[in-house]
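Chains as they are written, first to last, in the working numbering: chain A, 1 to 295; chain B, 1 to 383.
Simulated from the structure, these hints should not be mistaken for laboratory data.
Virtual Cβ for every residue (Gly too), placed ideally from N, Cα, C.
Treat the hints with caution; some may be incorrect.
Label pairs and their computed distance ranges (CB to CB) [unchecked claim]:
| no. | chain 1 | residue 1 | chain 2 | residue 2 | range |
| --- | --- | --- | --- | --- | --- |
| 1 | A | F111 | B | Y36 | 55 to 61 Å |
| 2 | A | D115 | B | L44 | 55 to 61 Å |
| 3 | B | S313 | A | G113 | 17 to 23 Å |
| 4 | A | G124 | B | F320 | 31 to 37 Å |
| 5 | A | L118 | B | S313 | 30 to 36 Å |
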Amino acid sequence: MTGFLTAVSGGLGQGAIYVLLALGFVIIYKSMKVVSFAQPAFMMAGAILVSYLTPRFGFAGAVIVGVIGIGLVALAVERVAIRPMVGKAVFVIAIITIGVDIVVRVVAGAFVGTDPLLVGDPWGLETVSIGDVQVQQRHIAALIAMIVVVVALMLFFRLSSTGLAMRAAALDQEAAMAQGVSVGAVFALSWALAGGLAALAGVFAAAGNPIDQTFWVVALAALPVIIVGGLDSLGGAVVAGLLVGVVESLVRAYHSDLFPNLATNTGTLAPYVLMMVVLLVRPHGLFGTKEVERV
Amino acid sequence: MTTLIDKTSPARSGGQGPSGSGRRGPVVILRGSGRYRLILAVCLVLAAGFVAWGGTLQPFEQGQLTRAGIFAIAILGLNFTTGYVGLLSVGHSAFLGLGAYTTGVLVVNYNQTALSTIPVAMGICFVVGLLVGIPALRIRGLYLAIVTLALGVAFPEIVARLGGLTGGAEGLTIRRTLLRPPEWSGFTLGEKDQWLYWLTIVCLLLAFVVLRNIITGRYGMAMNAVRQNEIAAAASGVNIATVKLLSFAVSGAITGLAGSLFAMYIGSLFAEGSFTVLAGITLLIGLVVGGERTMLGPIIGGLIVVFLPYYTSDIGGGQFSAVLFAIALIAVVFVAPDGIAGGLGRIIRKVVRVDARRPDGGREGGLFGDAPTATATESGSAR
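For reference, chain A alone in the conformation it holds in the complex (with noise of 0.2 Å):
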């Protein structure tokens, strides 16, 4: 049971990072109807900057200037390379979002040596007990700033004027257009927002573990949560986040007595498992509006 707990924990502690990365990918889905393949390097370059600012100004601090340096970036990267191209098919503008992807991380990761880079938390690899459980420090500050995080965009989407044009613009790009809202700094407002949210997935990802150039892998595991959560719920993303995350450890902490024949790595299948059978029931994820299509 204690196995089972601790296998539980660490995967809230995944997941919540994931709910972090998928939350961006649904928020730019929302505003501009296109999956971002750019976020798996806006995290790998967030966690990386802060590796750098964390000398400087102290880890809180870093994160801090961390998360808006990436959402600057980020709004950069909109304004130059994605605005212009509003309107093509999502499918040429999906291909940009990956040469995007390609040259920011090939950038940042020129910046990973050959030392291991650390984050410089103060958690590591420290436990707590909670009971007879063994819980990763660095799991509980995943969860409490992701629900920070989620607490804070809900207060944002729901009261504050730019978060009801936010919404509007997703809602309908025209009408929105027609009742003045500036759809184009929207655009820019999600694309800063999933680049400062993948900059902080960043951070806690790289707890406790260095970044290497294949750090950004970890970021793939997010696409199959917004699949299982739904391409355009955010409340979705953050249910399928947690789950993908406990799913994933638990598979990977039982994978030798469930499946001793499978692959070695079941654990990295799991979500894409979990998502096709969410999949077979629900076309849309548990949480997706479905479409409706006029002839």
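Starting from the known structure of chain A, fit chain B onto it as the hints suggest.
Positioned in the frame of chain A, the structure of chain B alone reads:
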């Protein structure tokens, strides 16, 4: 005032009326006329000349050209389902890998000749394509893209698991002597590069002709209809399930053919190296940059994904070349969102227009893609 009248004259604004009266209108060439045949013959001679020139190159350059041809075949397969039917696949690297491993395993473990494994590889990929096509019946758009991504992610893991057959993580090495060209071809073992080059050219040609005939035919019309509007297509008597499944299967088989050739070309197979999701994304990049829904696009795309990284690494070494590649990719997509072949076609159509003699048109799948009138209806569905 006179300029204003000029601008509104039908020959310039419409572009659809008979262009005999317009000074600037495109030259119209009838399909099957003498001039059409002449232009076609010149193009064919130029293409044949290029291929023959490739045959005389040094082994390394020729190898690069062979590689480009192999990627062109793979992208042709991807174009068939992603371009024409609109089923976005990110995981075609799995078909490439499946074809390659089928050839590798049969040659190494079962002593088959490399050539005889090609049909087997295509058959296996056809069946797997049918299976993978099943989710496409229910799942659409970006959701389907991520499902195919899962296939791409799973493939290296599965290969690693079947270590006894595939060599697992250490990879599968096909000894050079096992890839000896067959006796009847007249090539010796030392001329393996030559043999593979010509084999690739022949396969590319065959795949090109077969797919072109399918696309311009009745089945191709059904494929286009499914992409543009499934409900309308079904109402017109198109069996959507058949079209989607078969197109995915044919697409998989063609990409599997490319994989089989790739195994012969590369000689040693590493699933973690050659057949990851990145390879699937590379194929997608080739398709978009070359030109979706065009026949020449995949060939241009194949040349680009092989030669562009090669030249960018010439300019800036190491890491920097990847950045240059990505920037070049973004630049191409900015200038020509419908790909190089699509962009060229747009320019050429301003000067020369090829009209079918048949009244029903049938220009779908021309060398440079659909005529603009045929694609105008889908701007709505693309969003």
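Hints versus structure:
A beta carbon spacing of about 57 Å between F111 of chain A and Y36 of chain B agrees with the range 55 to 61 Å that was offered as a hint. A hinted range of 55 to 61 Å holds for the C-beta pair D115 of chain A and L44 of chain B, which are about 58 Å apart. At roughly 22 Å, the beta carbons of S313 of chain B and G113 of chain A sit within the given window of 17 to 23 Å. Remark: the range hint 31 to 37 Å for G124 of chain A to F320 of chain B is upheld by a beta-carbon distance near 35 Å.
Between L118 of chain A and S313 of chain B the CB atoms are about 31 Å apart, so this pair conforms to the stated range of 30 to 36 Å.
When the structure is compared with the earlier hints, no violation turns up for any of them.
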